[in-house]
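Position one of the sequence shown corresponds to residue 55 (our numbering), numbered consecutively onward.
It is worth saying that the hints were derived from the structure and are not from the lab.
There could be a bad hint or two in this list.
[To be verified] Straight-line C-alpha distance at most 20 Å; calculated EDC-like pairs for lysine to aspartate or glutamate:
| no. | residue 1 | residue 2 |
| --- | --- | --- |
| 1 | Lys309 | Asp322 |
| 2 | Lys338 | Glu209 |
| 3 | Lys342 | Asp191 |
| 4 | Lys338 | Asp149 |
| 5 | Lys123 | Glu99 |
| 6 | Lys123 | Glu68 |
| 7 | Lys123 | Asp149 |
| 8 | Lys309 | Asp171 |
| 9 | Lys123 | Glu98 |
| 10 | Lys346 | Glu184 |
| 11 | Lys163 | Glu265 |
| 12 | Lys117 | Glu99 |
| 13 | Lys188 | Glu288 |
| 14 | Lys95 | Glu68 |
| 15 | Lys95 | Glu120 |
| 16 | Lys346 | Asp128 |
| 17 | Lys342 | Asp149 |
| 18 | Lys342 | Glu178 |
| 19 | Lys309 | Glu219 |
| 20 | Lys346 | Glu120 |
| 21 | Lys338 | Asp191 |
| 22 | Lys188 | Glu207 |
| 23 | Lys342 | Glu195 |
| 24 | Lys342 | Asp180 |
| 25 | Lys163 | Glu219 |
| 26 | Lys282 | Glu313 |
| 27 | Lys315 | Glu288 |
| 28 | Lys117 | Asp128 |
| 29 | Lys338 | Asp171 |
| 30 | Lys338 | Asp218 |
| 31 | Lys315 | Asp347 |
| 32 | Lys188 | Glu209 |
| 33 | Lys309 | Asp218 |
As the structure is a prediction and not an experimental result, all values here were calculated from the model.
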Amino acid sequence: MNRLAHLNGIRAFEATARHLSFSQAANELNVTPAAVGQQVKQLEEWLGVQLFIRSNSGQSRLKLTEEAKLAYPDIQQGFSSILSGLGKLNSDIFDNTLRVAVSPSIGSKWLMPRIADFQAQFPEYDLRVETHIKPVDYTSEGIDVGIRYGRGEWENVQSDKLMDEAIFPVCSPEFAAQHNLSSSTSVDWSALPLLHDLSVPDSQEYPSWQEWFTRNNIPSFTSTSGLKINSFSEVIEAAIRGQGLALGREALVMKDLEEGKLIRPFGDVSYCSSYSYYVVSPIKQCNKAKAKDFRTWLITQI
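Produce the complete structure using the sequences and hints provided.
Structure follows, in structure tokens:
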């Protein structure tokens, strides 16, 4: 005898016994009450055992028979074990938490102004945005997807380029007027307060004033003087307050430029950063629905 031949009937019995209602069981199983009643009836005929006592009065019109009361705990435990096993095969089906890792600057200046759109499109995810100054191990930290700034050469992750980035000086309109900034070639750089971003102090390729001077053929200037801050977001806030001239990263200052908080005093003078933005996922996560949904959404924001 194939004891699993009536698996749908067993499932209908378990749900009905838990709710003591065909209607509530039908809502859970996404079928009609009549279908649930028919499946239970077929199961009773197959077993040769009555499972429910049906009455037309009382608070509950269904009651378990003594035989059903004895069998129900084992059947309920069986379905719990099945769900647990499926969860081990693909936890993504049952875990709707989506953990996204970004640097504080990318988070505050680029991602957070856009994130409401993702939440509106994918309300089923419990979104958690985590900011990290230093790169983290996505696998050990349980990160599903993230945005990284670099060359895309990281181990144990799938990385796809999201966007390149232009680097150019920015400052407040008041600062530009005060220092009469109009051309980078006529500036007395030694008298100009510069703001330095030390977010990645050990990198030779992270945007820096020295690189900007070199690329724009401005010789013989000690570019290390000025206020140094280990947060790009705070560097930009200092520039908005008129405390100095900063190197803007295009993706992260565009909103401030559009709102007039910052200007580009030297017009279109810029250079393309050696680093780019990448959307990154651990190898084991990249094909899961929640990681794919977020990666696809990110691309629509470019």
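Here is what the structure says about each hint:
A C-alpha spacing of about 17 Å is found between Lys309 and Asp322, which places the hinted pair at or below 20 Å, so the restraint holds. For a cut-off of 20 Å, the pair hint linking Lys338 to Glu209 stands: about 13 Å separates their Cα positions. This hinted pair checks out: Lys342 and Asp191 have alpha carbons roughly 18 Å apart, not beyond 20 Å. For the hint pairing Lys338 with Asp149, the CA-to-CA distance comes to about 15 Å; that is within 20 Å, so the pair holds.
Taking the CA atoms of Lys123 and Glu99, the gap is near 18 Å; set against the 20 Å cutoff, the hint holds. Between Lys123 and Glu68 the CA atoms are separated by roughly 11 Å; this keeps the pair inside 20 Å, and the hint holds. A hinted pair counts as satisfied when its Cα atoms are at most 20 Å apart, and Lys123 with Asp149 does not qualify at roughly 32 Å. Under the criterion of a C-alpha separation no larger than 20 Å, the hint pairing Lys309 with Asp171 is consistent with the structure, at around 17 Å.
With a CA separation close to 14 Å, the supplied pair Lys123 and Glu98 stays within the 20 Å bound. Restraint check for Lys346 and Glu184: satisfied, since their Cα atoms lie roughly 18 Å apart, inside the 20 Å limit. For the given pair, Lys163 sits about 23 Å from Glu265 by alpha-carbon distance, which is inconsistent with the 20 Å threshold. Using a Cα cut-off of 20 Å, the hinted pair Lys117 and Glu99 holds, with the two alpha carbons roughly 18 Å apart.
Of the pairs offered as hints, the one joining Lys188 and Glu288 holds, with about 17 Å between alpha carbons and a cut-off of 20 Å not exceeded. Between Lys95 and Glu68 the alpha-carbon distance is near 13 Å, which keeps this suggested pair within the 20 Å criterion. Of the supplied pair hints, the one linking Lys95 and Glu120 holds, its CA atoms being roughly 17 Å apart against a limit of 20 Å. Only pairs whose Cα atoms come within 20 Å are accepted, and Lys346 paired with Asp128 is rejected, the gap being roughly 38 Å.
The straight-line distance between the Cα atoms of Lys342 and Asp149 is roughly 11 Å, inside the 20 Å bound, and the hint therefore holds. Using a Cα cut-off of 20 Å, the hinted pair Lys342 and Glu178 holds, with the two alpha carbons roughly 15 Å apart. Under the criterion of a C-alpha separation no larger than 20 Å, the hint pairing Lys309 with Glu219 is consistent with the structure, at around 15 Å. Restraint check for Lys346 and Glu120: not satisfied, since their Cα atoms lie roughly 50 Å apart, outside the 20 Å limit.
For the proposed pair Lys338 and Asp191, the alpha carbon gap of about 13 Å is at most 20 Å, so the pair holds. About 15 Å separates the Cα atoms of Lys188 and Glu207, which keeps this hinted pair within 20 Å; it holds. Note on Lys342 and Glu195: the hinted pairing holds, with a Cα-Cα distance of about 17 Å set against a maximum of 20 Å. A threshold of 20 Å between alpha carbons decides the hint, and for Lys342 with Asp180 the separation of about 15 Å falls inside it, so the pair holds.
Between Lys163 and Glu219 the alpha-carbon distance is near 14 Å, which keeps this suggested pair within the 20 Å criterion. Straight-line distance between C-alpha atoms of Lys282 and Glu313 comes to about 25 Å, which puts the hinted pair past the 20 Å bound. At roughly 14 Å between alpha-carbon atoms, Lys315 and Glu288 fall within 20 Å of each other, so this suggested pair holds. Straight-line distance between C-alpha atoms of Lys117 and Asp128 comes to about 18 Å, which keeps the hinted pair within the 20 Å bound.
Proposed proximity of Lys338 and Asp171 is contradicted: the alpha carbons are some 26 Å apart, above 20 Å. With a C-alpha separation of about 26 Å, the suggested pairing of Lys338 with Asp218 is violated against the 20 Å cut-off. At most 20 Å may separate the alpha-carbon atoms for a hinted pair to count; Lys315 and Asp347 exceed this at roughly 34 Å. A hinted pair counts as satisfied when its Cα atoms are at most 20 Å apart, and Lys188 with Glu209 qualifies at roughly 15 Å.
For the suggested pair Lys309 and Asp218, the alpha carbons sit about 17 Å apart, so the restraint of at most 20 Å is met.
Comparing the model with each numbered hint stated earlier shows that hints 7, 11, 16, 20, 26, 29, 30, 31 do not hold.
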